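All chains should be built: construct the whole structure from the sequences, respecting the hints.
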Amino acid sequence: MSTLSVGGTAPTGATIPGTNVPTSRREQRARSMNRSKPLWTVLAWVVGVLFVLPVLWMVLTSLHSETDAATNPPSIAAALTLDGYRSFLSAQPVAPLLNSAMASVISTVLVLCLAIPAAFALSIRPVQKWTDVMFFFLSTKFMPLVAGLLPLYLFATKTGTLDNIWLLIVLYTSMNLPIAVWMMQSFLAEVPGEMLEAASIDGAGLIRMLWSIVRPVAMPGVAATALICFIFSWNELLLARTLTATVAGTAPVFLTGFVTSQGLFLAQLCAAATVISLPVLVAGFAAQDKLVQGLSMGAVK
Amino acid sequence: MSASTAPSHPRVGPDRPQGSAGSARRAADWARRAPLLPALLFTIVVTQLPFVATIVISFMNWNSYYPQDRGFGGVDNYVSVFTNAQLRQAVVNTVVLTVTVVLVSLVLGMLIALLLDRKFAGRGAVRTMMIAPFLVVPIAAALLWKHALFNPNYGLFNGTINAVWKLFGSDSAPQVDWLSTAPKIAIEVSLIWQWTPFMMLILLAGLQSKPADAEEAARMDGATSFQIFRYLTFPHLRQYLELGGLLGAIYIVQNFDAVFTITAGGLGTANLPYTIYQTVFSAHDYGLASAMGVVVVIATIIIATFALRVVSSMFKQEVGR
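If you read the protein sequences in the order shown, they are chains A and B. Heads up: the first sequence is residues 1 to 301, going by the working numbering. Heads up: the second sequence is residues 302 to 622, going by the working numbering.
The set of hints was computed from the structure by calculation and includes no laboratory data. It should be emphasised that the depicted structure is a prediction, and the values quoted were computed from it without experimental measurement. Among the hints, a few may not be true.
For each label pair, taking beta carbons as the anchor points, the in silico distance ranges come out as [claimed, not checked]:
{"#": "1", "chain 1": "A", "residue 1": "E66", "chain 2": "B", "residue 2": "D377", "range": "47 to 53 Å"}
{"#": "2", "chain 1": "A", "residue 1": "I76", "chain 2": "B", "residue 2": "F530", "range": "36 to 42 Å"}
{"#": "3", "chain 1": "B", "residue 1": "R419", "chain 2": "A", "residue 2": "S139", "range": "34 to 40 Å"}
{"#": "4", "chain 1": "A", "residue 1": "S139", "chain 2": "B", "residue 2": "F421", "range": "40 to 46 Å"}
{"#": "5", "chain 1": "A", "residue 1": "S139", "chain 2": "B", "residue 2": "A483", "range": "31 to 37 Å"}
{"#": "6", "chain 1": "A", "residue 1": "D289", "chain 2": "B", "residue 2": "T384", "range": "47 to 53 Å"}
Once the Cα atoms are required to be at most 30 Å apart in a straight line, the calculated DSSO-like pairs of lysine-lysine come out as [what the hints assert, rightly or not]:
{"#": "7", "chain 1": "B", "residue 1": "K420", "chain 2": "A", "residue 2": "K37"}
{"#": "8", "chain 1": "B", "residue 1": "K511", "chain 2": "B", "residue 2": "K420"}
{"#": "9", "chain 1": "B", "residue 1": "K420", "chain 2": "A", "residue 2": "K290"}
Glycine is no exception: its CB is placed at the ideal position from the N, C-alpha and C atoms.
Here is the structure:
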């Protein structure tokens, strides 16, 4: 934060209601904006770097040897090596990564299959009391997962579905469905009603209307929804830890076991954390704008 | 399409032949509802049934170590939740953790969103850097904070302090054991780091949807930046702030990963989700765990109801549709 004084800028009175009477307001404003600009830019960069630093540190540590990773003071310039990744690979991470991929992708597809028709019924041709239905969906998110954990665990032990990836897929679908319905509803609500009217007067059938009018408007929303469902499923730990074991264990579960079973190897741990975060990081960076749209749910305009 | 917005009461109009029109209308209604039903049924079965079971079990004495003692226990479990000092502590911890993390990350997120709302060199790069914490898998983030940052011997924090001290020729840098000195703050800091970008993204979307002309007009009239923020930007951001608060609260109340990893519930940091997990899988007290689960749900509903009034105001803009 010491960078606040960089460049010896004048006191930041520019942004605070000034008490002095300006000779020309516009002139003063122009000057104050010029003066404050580099300062705010530097501050923005400092904040950005501070936030990304732990992530960079994780990646850098993963590329150091175990001895260089655990030094004090930190050895930033130590030689880079892939040893961390090699030992991570030798811990057989492929099965858990595949389980995670399967659980995330299939549950996301299922969510979309269920959420898109539901959102259609809630926005394009709204059923009566559609807001009540929307509230019901949202209210299921008020119920923390952990509150249903025990019955789900008992159910899984009784039915022999413990350590079965399909149970996780069903649960992840239910976990993400309410949010997906919410997001899709608000995206579909963007479809201009007049266009639908016009198309229906021109004699377009439902399928044609969906394809040529709704689909183009809804596609970014579908992408944003899919991305967020994928992220939440990929990240989930509590259900996976409780309901899976050796066969269906997901990447987050693997990561927790990684530390306890082998003692702590920092470079190796950072390599594992990096690899497991990579799909989400890549997807999230690639679709930043979609992510923003999805998170604000398009609902608030 | 136009007929669709009219409320459809079956059997309207005395001059209509009742049977056929009514059934046609009813068929149309079902056609309208049909796409909704799979999602609705699925959600009810998978999310509501387990919770009903949780409520039932919460009124039972049921510890799987003592299967012969299973039976109706009345409100015993609930009494335990609020009288057992350890459990009460878990309730308090959950509230403190949620409120602290949500508030701090909302405020930080708003300040950073305001910073990033301006045009400057490398704005896209800074935004990308800001988003990174939100995209790191939570359990990986928790492990990262615990082992690579907070670790007293080789963590980045103590390492940096040490390096700075060495720079000035001192070998006696203070080395703090962060996790035992301030365990709650350590968990909160790691969560704030993950959630600030989330809040920032929502608020940035809000800022960017703000109509520019009002601000321009206010500037012309000589309003200061602070006044513009106070009377234009902030009111506009309000519903975004509340949406962020609502979503943040829903997810942070449930936090398990950070507490489980960073302190394993030790040092007085156990929150309800962690305690429930322990009660089910270590103590095997199913009744007590279920009562805690019900308490968490009620607490979440209370928090959410406050925020929901806002969400419903968001709805009003669209209801006319």
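- Hints broken by the structure, by number, lowest first? The structure conflicts with no hint, since it agrees with every one listed earlier.
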